[in-house]
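Engineer: Listed here are the chains, written in short residue letters.
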Amino acid sequence: MSAAEKLHLHSETAQPLFSVRDLTHLYGPEKGCQGVSFDLYPGEVLGIVGESGSGKSTLLSLLSGRCPPDRGSVSYRDSEGNWLDLYSASEAQRRTLLRTEWGFVEQNPRDGLRMGVSAGANIGERLMAQGVRHYGELRAAGIDWLQQVEIDPLRIDDLPRTFSGGMQQRLQIARNLVSSPRLIFMDEPTGGLDVSVQARLLDLLRGLVRELDLAVVIVTHDLAVARLLADRLMVMRRSHVVEAGLTDQILDDPQHPYSQLLVSSVLQP
Amino acid sequence: MNNLIEVSGLSKTFTLHQQHGVVLNVLSGLNFSVRAGECLVLHGQSGAGKSTLLRTLYGNYLAAGGSIRVRHNGEWVELVGAEPRQVLAVRRQTLGYVSQFLRVIPRVSTLDVVMEPALARGLRRADAEARAQSLLNRLNIPQALWQLAPGTFSGGEQQRVNIARGFMVAWPLMLLDEPTASLDDANRQVVLALIAEAKAAGSALIGIFHDRAAREAVADRYLDMSQDLSAAAQPEYIYAG
Amino acid sequence: MNAQAQTQYATEVGYNFAYLDEQTKRMIRRGLLKAVAIPGYQVPFGGREMPLPYGWGTGGMQLTAAILGAEDVLKVIDQGADDTTNAVSIRRFFARTAGVKTTTRTPEATVIQTRHRIPETPLNGDQIMVYQVPIPEPLRFIEPSETETRTMHALEDYGVMHVKLYEDIATFGHIATSYAYPVTVDARYVMDPSPIPKFDNPKLHMSPALMLFGAGREKRLYAVPPFTRVVSLDFEDHPFEIQRWDECCAFCGSQDSYLDELIVDDAGTKRFVCSDTDYCMQRRDLEEEGAQ
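In order, the protein sequences belong to chains L, W and Z. Numbering follows my numbering, with no gaps: position 267 of the first sequence is 267. Numbering follows my numbering, with no gaps: position 162 of the second sequence is 431. Numbering follows my numbering, with no gaps: position 114 of the third sequence is 624.
Since the hints were made in silico from the structure, they are not lab data. A virtual CB, placed ideally from N, CA and C, is assigned to each residue, including glycine. Incorrect hints may have been included.
Unchecked claim - One side only, chain W facing chain L, incomplete, derived with CB under 8 angstroms:
| id | residue |
| --- | --- |
| 1 | 286 |
| 2 | 287 |
| 3 | 328 |
| 4 | 329 |
| 5 | 330 |
| 6 | 331 |
| 7 | 353 |
| 8 | 354 |
| 9 | 356 |
| 10 | 357 |
| 11 | 374 |
| 12 | 375 |
| 13 | 376 |
| 14 | 377 |
Stated by the list, open to error - Estimated spans, in silico, between C-beta atoms of each pair:
| id | chain 1 | residue 1 | chain 2 | residue 2 | range |
| --- | --- | --- | --- | --- | --- |
| 15 | W | 345 | L | 213 | 21 to 29 angstroms |
| 16 | L | 21 | Z | 684 | 47 to 55 angstroms |
| 17 | L | 84 | Z | 635 | 41 to 49 angstroms |
| 18 | Z | 741 | W | 351 | 52 to 60 angstroms |
All chains, please: the whole structure from these sequences, using the hints.
Structural biologist: Pasting the structure below:
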């Protein structure tokens with residue numbers, strides 16, 4: 001694609017993909033999240049940072065259709081340009097979204113993979129759910145995606161439990177990306193991994209996000225991960241978003257007292 | 270007038286909540302503009318807020334007030350208060366930033382680090398690679414290092430890799446934060462030549478050069494920041510990542 | 511037919527006709543009506559304790575009890591045979607509690623309770639098949655939660671069914687699932703056809719007979735009404751295939767019935783015989799008549 005075409009594309013996608021207004025779900029005073037609003041554009045990576053219990057994970061559940069909010073709305077513009085209100089849509093519509101245009105990468109790959117079936121079946125499942133009924137095609141997609149996430153294609157028939165933690169996480173990413181989603185949710189995707197393995201995964205994610213023009217909402221408590229992947233950040237504290245903005249601005253010139261504390265508490269984010 | 274950037278009434282304060290809410294007024298009431306093919310050099314002693322100004326112009330620091338307008342794709346865009354994605358679009362196409370410090374990404378090779386700005390603009394990989402190789406050659410980075418991640422390189426090598434990355438694509442507007450500091454004479458001459466080429470190609474430059482010879486070689490105008498010297502603190506180093 | 515009319519046929523004193531009380535049978539029949547109305551949909555029912563253990567056909571027996579009338583003729587098969595312990599016991603059970611006529615001849619039967627097979631002799635519109643089902647949920651192998659499988663059925667979220675077939679091909683080079691092979695009923699519900707061999711799956715498709723399925727332990731029943739489309743799941747490049755044998759039946763010479771493998775001596779000599787004993791007998795009788 002030439003630069004001019006890319007520019008044109010960017011101006012065409014000047015509409016948000018995902019729009020959140022006053023999203024609130026509390027299960028105790030300042031437990032959960034409240035009053036969250038933002039727009040996410042195609043290809044944009046939004047990081048949600050904050051300490052444990054700040055409401056990051058609750059927010060991610062609300063955003064990804066897993067838990068209805070007390071108040072507020074989550075809207076998504078589908079590939080045909082129609083806006084869908086997530087929580088007034090039917091369960092069937094939500095599920096279809098979650099296995100086609102959306103993806104969810106769990107912190108623990110065991111929650112996001114089918115541990116009892118082979119790597120190839122894990123990758124092929126979304127395609128089968130979408131009606132692909134050609135074994136050869138499924139096989140080819142499996143091999144292609146294993147290569148894209150840097151797993152030896154010879155392991156296509158192995159069970160995920162024979163994979164290392166880093167490989168499992170990469171397999172989970174492949175399983176999500178095979179349906180060409182437009183929006184991916186990630187919950188501490190590098191959380192349980194060794195530092196050396198983390199770096200490889202982050203690099204892979206960074207490449208895929210740019211190559212596939214994915215919009216991503218990533219929850220992490222690791223500011224280095226946020227700096228590497230996110231275009232912009234929301235800092236959460238006690239159920240509120242206390243600060244939002246450009247990633248490097250938040251990390252280098254935090255405005256809110258809590259953001260300043262968060263940034264100064266880590267070594268070289 | 271062929272201005273590429275117009276700054277007016279720009280101010281920057283730091284509120285240090287961790288230190289009893291001390292407020293540092295580092296920049297206030299700054300006004301200037303820079304034309305295509307012109308190099309504005311920031312002048313003032315250490316602590317005058319030169320780096321802070323560059324970072325504020327880049328959006329890395331949040332302006333407290335005023336206006337920063339840049340010509341982006343033929344239109345004026347206000348950066349103070351802009352949405353993150355607008356700032357990122359300006360950074361992708363219009364506004365380049367070269368500092369002495371390379372932020373190393375694990376596992377990414379030197380060649381890929383240098384090519385990235387071109388790929389982000391959608392250039393073909395082969396073209397980007399050719400340009401990156403010629404830059405690395407000019408800056409005397411041995412070919413044996415190109416496929417390695419620069420994490421283990423010496424400080425000088427990292428700095429030169431970062432300069433190659435900074436000059437990988439043509440920026441209408443470039444911010445230069447001491448790009449020649451601590452370089453040997455041969456490499457300093459290469460960087461000065463790159464800057465001269467950028468100027469000749471019509472870029473507007475804003476830079477900090479502590480080295481007098483370099484300063485005099487590139488400067489068209491000076492912005493004297495001495496009067497903006499604030500309290501004894503040197504805030505530009507406080508949050509420097 | 512009312513209960514009093516029926517009881518006079520019962521031979522055992524102290525039991526209601528066909529063992530279950532009338533309210534229970536009515537409840538099951540209501541469930542069956544619902545099941546017939548929604549082909550392939552699993553209807554929960556208040557399963558009763560039967561005087562034999564789960565896994566011995568308690569689900570099928572309750573369905574049989576609920577639909578049996580005094581004029582019915584009952585056939586019971588287990589692995590295709592009429593003379594195995596389980597088949598004989600169930601047949602005797604209904605002979606004693608309902609006084610109905612029993613038979614081993616497929617064409618004579620009006621109700622056929624079965625485990626593992628569908629008779630080779632084509633069924634007709636006056637017949638009802640009752641299947642004993644161990645695990646009614648075809649999605650259970652991959653999804654342990656009942657709430658989730660119900661939702662998956664409701665939303666036709668059946669992608670995982672092909673995951674199993676995919677695994678078969680990846681492991682064995684072909685779809686190795688040979689019994690309880692999943693089907694789609696009337697282009698809507700995915701259904702476990704009970705542990706019949708996939709050889710029998712095509713017999714479900716557009717059958718003139720009513721098919722009823724009962725799971726005693728799980729307390730679920732479901733149905734395939736007459737002339738309903740029943741399609742076995744497959745891949746375009748690995749289409750559904752039934753078992754074939756190079757051999758023919760050692761007794762009747764049939765080349766197109768489902769064969770059981772027998773080891774007949776210590777040397778491991780193999781012979782193949784029809785799994786459907788009645789079908790085999792009928793063919794042999796015909797041969798003898800022809801010979802005479």
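Engineer: Next, verify each hint and record whether it holds.
Structural biologist: Taking the hints in turn, this is what the structure says about them:
1. A distance limit of 8 angstroms between C-beta atoms decides the matter here; for residue 286 of chain W the minimum to chain L is near 4 angstroms, and the interface restraint holds.
2. For residue 287 of chain W, the shortest C-beta to C-beta distance to chain L is roughly 6 angstroms, which falls under 8 angstroms, so the interface hint holds.
3. Hint on residue 328 of chain W holds. Least Cβ distance to chain L is approximately 6 angstroms, under the 8 angstroms limit.
4. The beta carbon of residue 329 of chain W is positioned within 8 angstroms of a beta carbon in chain L (closest approach about 5 angstroms), and the interface hint is therefore held.
5. Taking 8 angstroms as the C-beta cut-off, the interface hint given for residue 330 of chain W holds, the closest approach to chain L being about 4 angstroms.
6. Among the interface hints, the one on residue 331 of chain W holds; its C-beta lies about 5 angstroms from the nearest C-beta in chain L, closer than the 8 angstroms criterion.
7. The criterion of a C-beta within 8 angstroms of any C-beta in chain L is met by residue 353 of chain W, whose closest approach is roughly 4 angstroms, and the hint holds.
8. About 6 angstroms separates the beta-carbon of residue 354 of chain W from the nearest beta-carbon of chain L, less than 8 angstroms, and the hint is met.
9. At a threshold of 8 angstroms, the smallest CB-CB gap from residue 356 of chain W to chain L is about 6 angstroms, leaving the interface hint in force.
10. Hint status for residue 357 of chain W: holds, given a least beta-carbon distance of 6 angstroms to chain L, under 8 angstroms.
11. Of the supplied interface hints, the one on residue 374 of chain W holds, with its beta-carbon coming within about 7 angstroms of a beta-carbon of chain L, less than 8 angstroms.
12. Interface hint at residue 375 of chain W: satisfied, since its Cβ lies 4 angstroms from the closest Cβ of chain L, which is below the 8 angstroms cut-off.
13. Interface restraint check: residue 376 of chain W against chain L, minimum CB-CB distance 5 angstroms, threshold 8 angstroms, status holds.
14. At a threshold of 8 angstroms, the smallest CB-CB gap from residue 377 of chain W to chain L is about 6 angstroms, leaving the interface hint in force.
15. For residue 345 of chain W and residue 213 of chain L, the Cβ-Cβ distance of about 27 angstroms falls inside the hinted range of 21 to 29 angstroms, so the restraint holds.
16. At about 53 angstroms, the CB distance of residue 21 of chain L to residue 684 of chain Z agrees with the hint of 47 to 55 angstroms.
17. Distance hint for residue 84 of chain L and residue 635 of chain Z: a CB-CB separation of about 48 angstroms, consistent with the stated range 41 to 49 angstroms.
18. Checked against the given bound of 52 to 60 angstroms, the beta carbons of residue 741 of chain Z and residue 351 of chain W, roughly 58 angstroms apart, stay inside it.
In this structure, every one of the numbered hints holds.
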